[in-house]
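S.K.: Per our numbering, the sequence shown starts with residue 66, numbered consecutively.
Worth flagging that the hints you see were computed from the coordinates, not collected in a lab. Keep in mind the model is a prediction, meaning the values are calculated, not measured. Incorrect hints may have been included.
What the hints assert, rightly or not - Below 30 Å or equal to it, Euclidean Cα-Cα: the simulated DSS-like pairs (lysine-lysine) are:
1) K202 - K233
2) K202 - K71
3) K202 - K161
4) K233 - K161
Unchecked claim - If you anchor each label on the Cβ, the simulated ranges turn out as follows:
5) H73 - R182: 18 to 26 Å
6) G232 - R203: 24 to 32 Å
7) S217 - D85: 19 to 27 Å
8) G107 - A75: 38 to 46 Å
9) R182 - K71: 13 to 21 Å
10) A183 - T257: 40 to 48 Å
11) N170 - A94: 16 to 24 Å
12) V166 - H73: 33 to 41 Å
13) K71 - E218: 13 to 21 Å
14) D181 - K202: 17 to 25 Å
15) P102 - R200: 19 to 27 Å
16) R70 - A141: 36 to 44 Å
17) G107 - P87: 29 to 37 Å
All residues carry an ideal CB built from backbone N, CA and C; glycine is no exception.
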Amino acid sequence: MLTQRKLHAALASLPSVAIDGPWVRAIDARLLQGAPPGEREGLPPQPLWGGGARLHGGRFTPRGGFDTLYLASDLATLGLEIGSVLGAGKGVSRMKDPFTVVHVNGRLTRVLDLRDRAILDALGTTVDEMTGAWRVKRAPPTHRLGMAAHESERFCAIIAPSAKRAGKGFVLAAFTDRIERFPPSFVQSVDTTGRLVQRIP
66 MLTQRKLHAA LASLPSVAID GPWVRAIDAR LLQGAPPGER EGLPPQPLWG
116 GGARLHGGRF TPRGGFDTLY LASDLATLGL EIGSVLGAGK GVSRMKDPFT
166 VVHVNGRLTR VLDLRDRAIL DALGTTVDEM TGAWRVKRAP PTHRLGMAAH
216 ESERFCAIIA PSAKRAGKGF VLAAFTDRIE RFPPSFVQSV DTTGRLVQRI
266 P
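Sequences and hints are given; from them, build the entire structure.
M.R.: Have a look at this one:
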């Protein structure tokens, strides 16, 4: 990965892509019983709440950073990414709290595409570095990139190969405070009952 100064310089000129849904996400079931942590009581559930990544960290989100909505390309990728399904024929995890799968539609028009080898080369990184075990490292390169991409204000999301389903799925990290800056970008949860419908912006 480039140094932080060079990283900012590279991001200033890199192209972006547009990505269309649908996608899927998993959210702890307890977070859908009412307003998210820190929000005013009485508000409806927010299935697109991105505060969990800010509070606890995510692949491209340092703890204490910025709200990020993590999405997956499909159910198989989602299950592997969150550890509810184990890879290599190992079956189902026995140690997961209840979660809800939410289908999400939308369009994101300014996305940094880490599936593109030329983009990776320009950032001085690799697929292995972008899909590595970020939780066990201090200031992992994915956090440095996520912070720089968010600070650049040129992108509303990062798309990257799945760390758990190589060559078949992708993950999408959407910066929820940047989406409205790039119309017609939006994300919206799907629920015909109306209870878990949320749209950003």
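S.K.: Next, verify each hint and record whether it holds.
M.R.: Okay, the hints, checked on the actual structure:
no.	hint	result
1	K202 - K233	26 Å, holds
2	K202 - K71	21 Å, holds
3	K202 - K161	24 Å, holds
4	K233 - K161	24 Å, holds
5	H73 - R182: 18 to 26 Å	21 Å, holds
6	G232 - R203: 24 to 32 Å	29 Å, holds
7	S217 - D85: 19 to 27 Å	23 Å, holds
8	G107 - A75: 38 to 46 Å	45 Å, holds
9	R182 - K71: 13 to 21 Å	19 Å, holds
10	A183 - T257: 40 to 48 Å	41 Å, holds
11	N170 - A94: 16 to 24 Å	21 Å, holds
12	V166 - H73: 33 to 41 Å	36 Å, holds
13	K71 - E218: 13 to 21 Å	18 Å, holds
14	D181 - K202: 17 to 25 Å	24 Å, holds
15	P102 - R200: 19 to 27 Å	21 Å, holds
16	R70 - A141: 36 to 44 Å	39 Å, holds
17	G107 - P87: 29 to 37 Å	30 Å, holds
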